[in-house]
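Protein chains in written order, with numbering that gives the first Met the number 0: chain Y, 0 to 240; chain Z, 0 to 220.
Think of the hints as simulated: they come from the structure by calculation, not from any bench. Cβ coordinates follow ideal geometry from the N, Cα and C atoms, glycine included. A hint or two may mislead.
Computed spacing ranges between beta-carbons, pair by pair [to be verified]:
#1 S212/Z / L239/Y: 47 to 57 angstroms
#2 S114/Z / E114/Y: 27 to 37 angstroms
#3 E111/Y / K117/Z: 48 to 58 angstroms
#4 P51/Z / V131/Y: 30 to 40 angstroms
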Amino acid sequence: MINIQNVHKSFGDLEVLKGINLEVKKGEVLSIIGGSGSGKSTLLYCINAIEKINAGKITVDDIDVHDKATNQDKLRQKLGMVFQQWNSFPHLTVLENVALAPRIVKKMSKDEAIEIGEKELTHVGLGDKFDVYPTKMSGGQQQRLAIARALAMRPDYMLFDEITSALDPELVGEVLDTLRVLREDGMTMICVTHEIAFAREVSDNIAFFHEGIIEEMGSPDQVISNPQKETTQKFLSKVLS
Amino acid sequence: MDYQFHWNTVFQKMPEMLEGAFVTLHVSILSMLIGIVIAVFLAIVKMNQIKPFSYISSVWIEISRNTPALFQIYMAYFGLGAFGIHLSPYVAVLSALIFVNAGYLAETFRGGFQSIPKTQYSASKSLGMTNFQSYWYIILPQMFRRIYHPMTNQFVWSILMSSLGILVGMSELSGETQRLQSLSFRTLEFFMVAAVMYYIITKFVLISASLISRRLFKGEI
Chain Y
0 MINIQNVHKS
10 FGDLEVLKGI
20 NLEVKKGEVL
30 SIIGGSGSGK
40 STLLYCINAI
50 EKINAGKITV
60 DDIDVHDKAT
70 NQDKLRQKLG
80 MVFQQWNSFP
90 HLTVLENVAL
100 APRIVKKMSK
110 DEAIEIGEKE
120 LTHVGLGDKF
130 DVYPTKMSGG
140 QQQRLAIARA
150 LAMRPDYMLF
160 DEITSALDPE
170 LVGEVLDTLR
180 VLREDGMTMI
190 CVTHEIAFAR
200 EVSDNIAFFH
210 EGIIEEMGSP
220 DQVISNPQKE
230 TTQKFLSKVL
240 S
Chain Z
0 MDYQFHWNTV
10 FQKMPEMLEG
20 AFVTLHVSIL
30 SMLIGIVIAV
40 FLAIVKMNQI
50 KPFSYISSVW
60 IEISRNTPAL
70 FQIYMAYFGL
80 GAFGIHLSPY
90 VAVLSALIFV
100 NAGYLAETFR
110 GGFQSIPKTQ
120 YSASKSLGMT
130 NFQSYWYIIL
140 PQMFRRIYHP
150 MTNQFVWSIL
160 MSSLGILVGM
170 SELSGETQRL
180 QSLSFRTLEF
190 FMVAAVMYYI
200 ITKFVLISAS
210 LISRRLFKGE
220 I
């Protein structure tokens with residue numbers, strides 16, 4: 000379970016998160032929607048400790064993420080993350096991209112790591128690309144590679160940071176399909192997304208972020224179909240029109 | 000226009016020319032190796048603003064990149080000499096080349112490092128890699144590709160600039176050529192042969208570097 004209690008985060012004078020409370024249970028899918036600058040992505044970076052927090056507490060399976068005694072490198076093995084810019088490692092082949100971390104972080108044998116790499120790549124539909132270099136692939140393929148790379152670490156949770164926002168429109172579908180597969184597998188996920196229809200389809204809960212607070216949260220039916228707050232209604236009418 | 004070429008004189012002195020070429024290679028390789036070590040230090044203190052070393056680094060980089068190599072060799076040989084520090088011609092030229100190489104390479108390293116997107120680091124950290132692993136497996140290999148060819152160029156530059164050793168009586172290829180031609184007055188022949196030797200050396204370096212890079216760097220950046 001990921002538990003977020005009254006989290007505050009500032010960049011200099013700018014307070015980006017103003018007291019966030021959230022809970023994501025095992026097997027649940029939470030989507031976070033909201034305008035740019037609302038703090039959605041920042042929260043993800045705080046969950047896997049790439050960013051520090053100023054106040055509050057985040058626990059992942061009862062481990063305090065920002066506690067000094069926590070081994071954050073080890074904690075991140077639980078938390079797979081995929082970024083808006085897919086960040087494939089350009090100097091490694093597709094298979095090496097996926098097999099590297101299991102080998103050096105989890106200390107698997109080369110054969111084991113390759114086996115996992117091949118399995119995860121096949122899982123996201125890149126079974127024919129093992130020896131290709133990522134720069135030869137489309138954005139959608141590189142984003143699926145990033146998903147496979149995160150999955151190869153066998154994380155308990157997956158964090159997705161607007162992973163379709165930088166893609167050409169025709170490539171969005173294949174990436175969303177991959178997320179649907181993960182949903183079927185029962186993966187626990189937090190998706191920061193602008194794909195409202197997709198969020199509605201796959202999420203157990205949706206949180207609408209506005210200026211650093213959670214303005215509205217609930218089931219997709221509640222938040223998307225019957226938003227109570229005016230800010231939510233405004234946002235949805237803008238993105239759905 | 001009835002100049003008579005006398006190549007035999009040159010060929011007889013070939014062993015001495017080759018010895019000079021060996022010194023040329025020797026001084027330029029050494030100046031690169033030491034220059035690289037210092038450049039890493041200069042680049043790191045400058046990027047991390049580690050005072051007071053970052054000031055030294057900035058001054059070093061400014062002077063080495065914006066003054067002629069000739070001036071630096073003179074400073075090392077005659078300049079230090081004025082203060083009672085007498086360097087041999089070899090050490091003077093070596094020091095000047097190290098000074099320039101370190102300055103140029105520091106900027107090359109800094110640029111190469113900064114050209115790697117920070118998100119590559121976030122991505123590797125998100126996979127559970129330690130700082131060391133992120134640098135060793137992800138950042139540095141990409142950086143190395145980008146600085147490889149500038150480093151090769153710097154090496155070629157060192158080989159060619161070491162010819163300024165002629166000014167302080169160093170026995171590298173140009174210095175030897177100068178000495179030999181002054182004994183025989185076959186100036187044109189000696190310098191033509193020296194030029195061909197420089198050409199062969201630098202071509203050899205460039206071709207080897209390109210062959211090595213093809214083996215080393217299979218992916219594209």
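Hints, one by one, checked against the model:
1. Range check, S212/Z to L239/Y: Cβ separation about 52 angstroms, and the 47 to 57 angstroms hint holds.
2. Taken as a hint, the range 27 to 37 angstroms holds for the pair S114/Z and E114/Y, whose Cβ atoms sit roughly 35 angstroms apart.
3. A hinted range of 48 to 58 angstroms is violated for the C-beta pair E111/Y and K117/Z, which are about 31 angstroms apart.
4. For the hinted restraint 30 to 40 angstroms between P51/Z and V131/Y, the CB-CB distance of approximately 49 angstroms leaves it violated.
Of the hints listed earlier, those the structure fails to meet are numbers 3, 4, in rising order.
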